[in-house]
Amino acid sequence: MSDLLFFVEVSLAGLGSGALLSLTALAFVLIYKATRVINLAVGEILMMGGYFFLAFAAGWGLSPWLAIPAAIAGGALIGAVVERGIIRRMLGESPISVFMVTVGLGSVLVGIVELVWGTDPRTLPDFMGTAPVFIGEAYVSRKIAISFAVAGLVIAVFLALFRFWRGGVALRATATDQAAAYSCGINVPGVFSLAWTIGCGTAAGAGVLLGSIGGIAPTMGAFGLSALVVVIVGGLDSVAGALVAGLAIGLVEAWTGTYLGGEYKLVFTFGILILMLMIRPYGLFGTKEIERL
Amino acid sequence: MRIATANETYLADEALIRTRTQWAWTAVLAAGLAAAPFALNNYWLYLACLVAINVASATGLNILTGYTGLVSLGQGAFMAVGAYTVAWLDRNVGAPFLVNLFAGGLMAAAVGILVGLPSLRVKGLYLAIATIGASIILQFVFLNWTSVTGGSRGMNVAPASLFGTPLTTYFQLYFVLVPIAALMVLGAANLFRTRIGRAFIAIRDRDISAEVLGIPLLRYKLLSFAVSSFYAGVAGGMWAYFFRAVGPESFTIVESIFYLAAVIVGGMGSILGGIIGATFMTLVPEVLRFGVEAISPYVDNAGTLLSPVRTVVFGALIILFLVFEPQGLAEIVQRVRRFFHLWPFRK
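Protein chains in written order, with the working numbering: chain D, 1 to 293; chain R, 294 to 640.
Looking at chain R on its own, in the form it has when it is part of the complex (with noise of 0.2 Å):
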């Protein structure tokens, strides 16, 4: 709890930034993302921007998981439905592509919302593996829908092009992709502090008291499901954009897994929870890369390892993150802060 921020009205209150400390530091942050490219080389730059995609996808999951309380395990094919949607109307259309990404945005969210029709009967539990029928149906269907997505082979997407320059370097996709999910995770931000956003976290709490409240569940829900489809979209849409191919093995269950167990290690319902989960499971894999490399001279075959060791880095991280600090990341960031902000008068 911070003091000296008392507020005269509400609006205030719910400010996202309130005191010119944080002001500060934003400017900080903000000032640092646009320098980064300029120092950094360029497998940094595609961490940089594999992070952007998947903060914006983690947050869509967030919005849902977090703060609805519906569990999903569709992200990753609401996302290639996004990728495909973009990959598309590329080849077809031609359209630009900040105007593909929207339209990959609005037909997962589409899409998503024939995906939630069943949160009308089921929820929790049943409600995950209801969406993990849903996304092996939407494998399916990209696999055999072979004039429309390519089949088995995928497609191929053109570059971006922003004013005539095509965006093929990652310093150049870096400029587009890391706005584009800074103003997805503020629009999340935001939208928590209407009443959509309320509506939602009443839902989370208790859904059939926020019935008897007044709150329509079904609507909400949809609702719900549709903004986070729509986020997975556009972030499938980028990462169409991003590695300029889509096929059926690009979302599988695996990266609906992946999104949510984000989500999980960041901390659930909070927006930074969401950010640093994604950041966090996205460098996690190249970490391991790291260390398998210093120990390759020393160890046969240290290569093969690597797949593996990922996968059990991956499951451990999900079940000690879940026993041991079941709020995430955000709960440790959050305990680093309030040292701080008593330190030095209390250790």
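Same shape as in the complex, but just chain D (with noise of 0.2 Å):
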């Protein structure tokens, strides 16, 4: 019994890490689906969210209620800088140098952070209680619960958004056919910018969580690596597709990691990714490309 117990236990902690993939997918999926963009860099401003949050709750002393949206912000604002200087001088040309664009991204904001706070992790101030929750028997660490309800109210506030925000639905809209977007009278520019700064927003918040339960580190971008294993598996537009994917990478992380150990964590997912890509390229829930000579 003690073994289920303890199969349970684990369980939810993948559950709650699987949230926390999910958030930071849904950046990747939010960029993606309105400019194209595969935003290798969004593990990086996931960092910089943490390092953010660092500095406005021990750096200036304000409380965590404070220091949170500001640190989203500064994601928010890093995201709209980067999409108004960089990526908007890069329309048109091929996916891959914008991808390539976001990868030295990363490395500029790798080396900032490396420059102003020195490459020691560091940990957040706690701003979550540490009282463990209990879910029937089974013991769920109180920051992964707190991330796991955090990320689902995301998420659900997201697909509201997308359904009845008239912002939402010019996203969907661009991301369906750009020039029927543009005939209809939205503003494509304002919605890759719109896209950029919710999604960098959201993966800085999503670091602020990640940050608080494992503490921050330059070397933490390489979350958004496993994001990037969610969002192909889950299909790179779908919203939906990030939702079962992070739950379902987090779940398979937390079983190897516990049960094959830490090491094979990683070829576990990469595993999944290189298997998902033979057989369904464009992931579970994603719109396949067709594509005519």
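Keep in mind that the hints are not guaranteed to be accurate.
[As the list claims (entries may be wrong)] So the derived label-pair ranges between C-beta atoms look like this: (1) R:R537 / D:L159: 50 to 60 Å; (2) R:N335 / D:A58: 19 to 29 Å; (3) R:T545 / D:A58: 22 to 32 Å.
[To be verified] Over the 10 Å line for every Cβ pair with chain R, so calculated as not near, a few chain D residues: (4) A55; (5) W60; (6) S63; (7) P69; (8) A80; (9) M100; (10) V101; (11) S107; (12) G111; (13) I146; (14) W165; (15) G168; (16) V169; (17) D177; (18) L228; (19) P281.
The set of hints was computed from the structure by calculation and includes no laboratory data. Note that this is a predicted model, so its numbers are computed, not measured. Cβ coordinates follow ideal geometry from the N, Cα and C atoms, glycine included.
Two chains, each in its own frame: build the complex with the hints.
In structure tokens:
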């Protein structure tokens, strides 16, 4: 029985980190949906979110409830500046060039963080409390439970926004057909900016949650790679896919990490990635692209 | 466009070196490369060897990414395969080092074909992501297949020996590594005068059209992967003999990004671009080191700034080149050349 309980606890922890993966994947999906750019710097923006929170909460001594929105705003600002300054200039270039630009951006952000805060890992000031949460008999870390709840809430809000908000509808229209969206009077460049701003803000928020669980370091951008697996498995342009695949990858990581050893985590997730690319390149819920000559 | 180069055959038109002036400059370059080690000190010889290794690997990646249009972030992992193969053969078989290098290349080519298999289904960014996945899995193998790779401790490599002389100094290594790299570059340049090379280019320009024209896509894409990883494998083998140790940290995803960045900065789909790009990207960190040393009397702990500044500059170079000079350094060189062809008749 205790084996089963342990399994349940591991699975719950997996779902918790899976929710964070979903949230990060959402940032990928948002940006890809609107602008067809795979932003590999999402992991680094997530890291910036953590460091912004550190700067605001520990450096300036703001209360966490002010520091969290400030960190999210900082991430969103980076997204807006990058979109306007770099990505907008790259319109019409091959997707690979834009992809490489985001790789370069990630490197710049890591370098800046190392310049300003050094390479040592830091812990974020605690704002969630530490009292454990029990679901039935199963123990769940409080931070993971809160992260799960927040991530679930944010994703629900996003789904609602896509459905009912004008901006969300404009974003979906742009994703479906750019030219048609233009001719309906939608401000497509504005949608691009919006997607980058919200996407990077989301990533920064995920960074605060992730950092408060495991601490922050300049290398935490690697989390973006796991999120990349999530979006490929779920489908690059599918919010629901990010949710389902995030939870699934989180579970797989928790199980392999516990029962096989930490070093197997990445191998399993990337094994799934390659398998997925071979079988269903457009992901579980993604749109199949048809290529014509 | 050069004048007075009318040719009567296609063969002459496709020749790598077409005019007397070009022959003269090539001779000057060869003589310079041969004489350089006598003029350079040990530090610059070290850099020259490193540049030769990086040029070989970047040229390989250029064949795959620049000429066939298949983006790969696995070049570092392929180099690691070559390096480990060389280290293992060196310890357990003891074959001559040229044979080891060749075997390292073949091994990497075999792995490259395996990694290239997803290119059957996916291309573009998806392929780039698949190669990231493959290199992470390879990294895992290097770290955990302890009996062959030495696990996290890695392996030491005995110095290469030629005609019974162990090659230990950078001076000796220069005379081995640079000619090998030069041969590999020459091979790549000649590849694109053949049917296979032209097929690669056709696939890059529009793969569906290429298939319609009768180019078997899968076979040629895998061939491109094989050639490119062969280059990476040989370069990795040279790397192993140069640093005399191989470990799992030697070739990370950062290495792969480095080579892709070198190809982008130099100029995709240009042999010259691969050479200049690899040279440039190898030397920039050293220039930064001089810069940091220059400011160290005025700034506290300037030494700790070096690594983050390198990271920032590395990323900024990728961004700036892609935004402002997408054709890379090779295009700048071409502009300068065009200017001097017409000078002084046109400014």
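Each hint, compared with the structure:
For R:R537 paired with D:L159, a C-beta distance near 57 Å keeps the hint of 50 to 60 Å intact. For the pair R:N335 and D:A58, the beta carbons lie near 47 Å from each other, so the given range of 19 to 29 Å is not met. For R:T545 and D:A58, the Cβ-Cβ distance of about 31 Å falls inside the hinted range of 22 to 32 Å, so the restraint holds. Annotated as non-interface, D:A55 keeps its C-beta farther than 10 Å from every C-beta of chain R; the closest such distance is 17 Å.
Separation of D:W60 from chain R is adequate, the least Cβ-Cβ distance of about 23 Å exceeding the 10 Å criterion. Here D:S63 stays apart from chain R, with its beta-carbon at least about 30 Å from theirs, past the 10 Å limit. Listed as outside the interface, D:P69 is consistent with that label: its C-beta sits roughly 28 Å from the nearest C-beta of chain R, beyond the 10 Å cut-off. With a minimum CB-CB distance of about 17 Å to chain R, D:A80 clears the 10 Å threshold, and the non-interface call stands.
With a closest Cβ-Cβ approach of about 6 Å to chain R, D:M100 is found to fall inside the 10 Å limit, against its non-interface label. Not every CB of chain R lies more than 10 Å from the CB of D:V101, the least distance being 5 Å, so the non-interface label is violated. Non-interface call for D:S107 relative to chain R: violated, since the shortest CB-CB distance, roughly 3 Å, does not exceed 10 Å. Not every beta carbon of chain R lies more than 10 Å from that of D:G111, the smallest distance being close to 3 Å; the non-interface claim is violated.
Once the 10 Å rule is applied to beta carbons, D:I146 is consistent with being away from chain R; the minimum gap is 30 Å. Separation of D:W165 from chain R is adequate, the least Cβ-Cβ distance of about 29 Å exceeding the 10 Å criterion. The beta carbon of D:G168 sits about 25 Å from the closest Cβ of chain R, which is more than 10 Å, so the claim that it is off the interface holds. Interface exclusion of D:V169 from chain R stands, the closest Cβ pair being 27 Å apart, more than 10 Å.
At roughly 20 Å from the closest C-beta of chain R, the C-beta of D:D177 stays outside 10 Å, upholding its exclusion from the interface. A beta-carbon of chain R comes within 10 Å of the beta-carbon of D:L228; the shortest separation is about 6 Å. The Cβ of D:P281 does not lie farther than 10 Å from every Cβ of chain R; its closest approach is about 5 Å, which violates its non-interface assignment.
The structure shown violates the earlier hints numbered 2, 9, 10, 11, 12, 18, 19.
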